[in-house]
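Residue numbers (numbering that gives the first Met the number 0), protein chains in the order written: chain A, 0 to 277; chain B, 0 to 314.
Some clues are possibly wrong.
Straight-line distance between alpha carbons at most 25 Å, and here's what the computed SDA-like set of lysine to any residue pairs gives [to be verified]:
| id | chain 1 | residue 1 | chain 2 | residue 2 |
| --- | --- | --- | --- | --- |
| 1 | B | K57 | B | K304 |
| 2 | B | K159 | A | Y25 |
| 3 | B | K230 | A | P254 |
| 4 | B | K273 | B | L129 |
| 5 | B | K273 | B | Y46 |
| 6 | B | K263 | A | S235 |
| 7 | B | K273 | A | S106 |
| 8 | B | K273 | B | F169 |
| 9 | A | K131 | B | G257 |
| 10 | B | K304 | A | S106 |
Worth flagging that the hints you see were computed from the coordinates, not collected in a lab. Quick caveat: nothing in here was measured; it's all calculated off a predicted structure.
Listed below are the residues making up each chain.
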Amino acid sequence: MRQARRSMRTVVAHVVIVCVTLATIYPIIQIIGISLRPADRLYTTSLSIIPEDATAQAYHDVLFEKDFLLWLRNSTVVAGIVTLIGVFLAATSGYAFSRFRFVLRKSGLYSFLIAQMFPATMLLLPLYVLMKGLHLLNSLGGLAVAYVATALPFCVWTMKGYYDTIPRELEEAAMMDGASYWRAFRTVVLPLAAPALAITAIFSFMAAWSEFMVARVIITTKSLHTLPLGLESLSSTFQTEWANYAAGSVLVSLPVVLLFLFLNRYFVSGLTLGGVKQ
Amino acid sequence: MTHGAGEQANSLLGSLSHRLRSGGGRRSFPYVLLAPTVAIMLVVVLYPLIYNFVLAFKNMSMYHFHDARFVGLRNFAQIFRETELYLVFGKTIIWTAVNVFFHVTLGVAIAVVLNGRIYGSGIFRALLILPWAIPQYISALTWKGMFNHEYGAVNLILSKVFHLAPIPWFSDATWAFIAPIITNVWLGFPFMMIVALGGLQSIPHELYEAAELDGAGALGKLRNVTLPLLKPILAPAIVLGTVWTFNNMNVIWLVTGGGLPADKTHILVTYIYKAAFTYYRYSYAAAFSVIVFFLLLGFTFLFMKYFKVSEAAFE
């Protein structure tokens, strides 16, 4: 009796999880299906996932006939700058927050937390007005500056949280041997913090890679469009470009998704470390 | 960069690296480490924030960009007089509450099932976090396509599989608000699921055995063991999720195409965004965001207080 109830429960659990999973991945399967549709079959009311005459034409078109490669280049430049600046700043200031006691340390940490809590428009609007006044609109550098501001707080907290787990004795030993603070930091602590550096790098990269609302305001010149802006322009012409949009989306998402699946457990521990630990 | 500035930067770097090599005292070293971050934060965060406050008391708009002047509290008076603030604020509360509610309940429920005896649970786990992994704008645009009246998958499934009438997703204000909520629930539950899974794995097995000895059924175990022990782990994630949802412009903006129909589907952040960048009412938008700033500041204070309490409880 008890046995039967238990196996009954296992069956129900499997049915539930399969249904939930199917519902969850349906939109993803759909977009892959659309990316394989031939151009004359975009208006279809068929629900079949893989179209009968599947073709990779849209992938070819989006890569070679649209500005996809240009958007890719722009996005890479912006995300690259943001990653470099973000990692450097988070690695140094996170270390200061973790190891040293100084004036305004606590309020500094809290202000990073508070900065993360306010809506992006709070920063975007004045930045926009300032950049407009300084004629810095339509520059990838200006866009990168705006992104650094939004990505930095999380990065600093993550780095600080990770440094906290590295025993102080290691640096102290190095300094006993005559190393300076900087040397102890660079040669002892930094290599040990490599996993956290990787997370910080990926977080900053992704923050810049998939941002749309800020880019839409700062970049209006077509030749400076980043991937989100470009793909959005394809998607808004639902009728004609839908397959190209879908193909572009698959191309952009695939590497990010793989990276994410590989690293998600570190993201969560970084989040909870940064959020809970003082 | 001009020649002089470059030279200056070089000499600055030189003296900096000299100090670093000579060790930098215990006192000065943290300041050396912090200086670049503080400099950047001052320029890209603090200065804009202050400027935003100044802007709120001016009359800057498309017509008065270079000749804006101070108008005192006029913008605030206007905002509080209009019904827009209250309407949009109400929608923001609904948007945040409904989203976070489903994120947490779905996330925890799925995590509990997944934590039981499931064959291939690793595969399900990987598939279920996909919505979190895909860039948000792509998900939002894809869902927008799926809500298309004639060719979108949602209406096709409704009519072909369930024989229901198609839903006018973007011509009706209520449905147009439900569409981004569905999208955002889909986007947000995996995060809570992962957090809950992490929490579930830290609950010692003996507690369940003890509860079983006391005669607790599955429901009893969920209520008396699982949920109370998940609470401290979920609490910070829920607070964080609330702030993220409150501030999330991407989803609602992209799914509704910037507030369709007729600006009826705005939450506070998209309303400000549209006022600033579509209607060029810079000072009005700045004043509006000052109000949101204080709303969130209040929330943050409550959040900090709550954290202090829970931290004390841990020690």
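For each hint, the structure was consulted:
Of the pairs offered as hints, the one joining K57(B) and K304(B) is violated, with about 35 Å between alpha carbons and a cut-off of 25 Å exceeded. For a cut-off of 25 Å, the pair hint linking K159(B) to Y25(A) stands: about 16 Å separates their Cα positions. Taken as a hint, the K230(B) and P254(A) pair is broken in the structure, with Cα atoms around 34 Å apart against an allowance of 25 Å. Annotation: proposed proximity of K273(B) to L129(B) is violated, straight-line Cα distance about 30 Å (limit 25 Å).
Only pairs whose Cα atoms come within 25 Å are accepted, and K273(B) paired with Y46(B) is accepted, the gap being roughly 23 Å. A distance of roughly 20 Å separates the Cα atoms of K263(B) and S235(A); the hinted pair therefore holds under the 25 Å criterion. Proposed proximity of K273(B) and S106(A) is contradicted: the alpha carbons are some 33 Å apart, above 25 Å. This hinted pair checks out: K273(B) and F169(B) have alpha carbons roughly 18 Å apart, not beyond 25 Å.
Taken as a hint, the K131(A) and G257(B) pair is honoured in the structure, with Cα atoms around 23 Å apart against an allowance of 25 Å. A hinted pair counts as satisfied when its Cα atoms are at most 25 Å apart, and K304(B) with S106(A) qualifies at roughly 15 Å.
Checked against the numbered hints given earlier, the structure breaks hints 1, 3, 4, 7 and satisfies all the rest.
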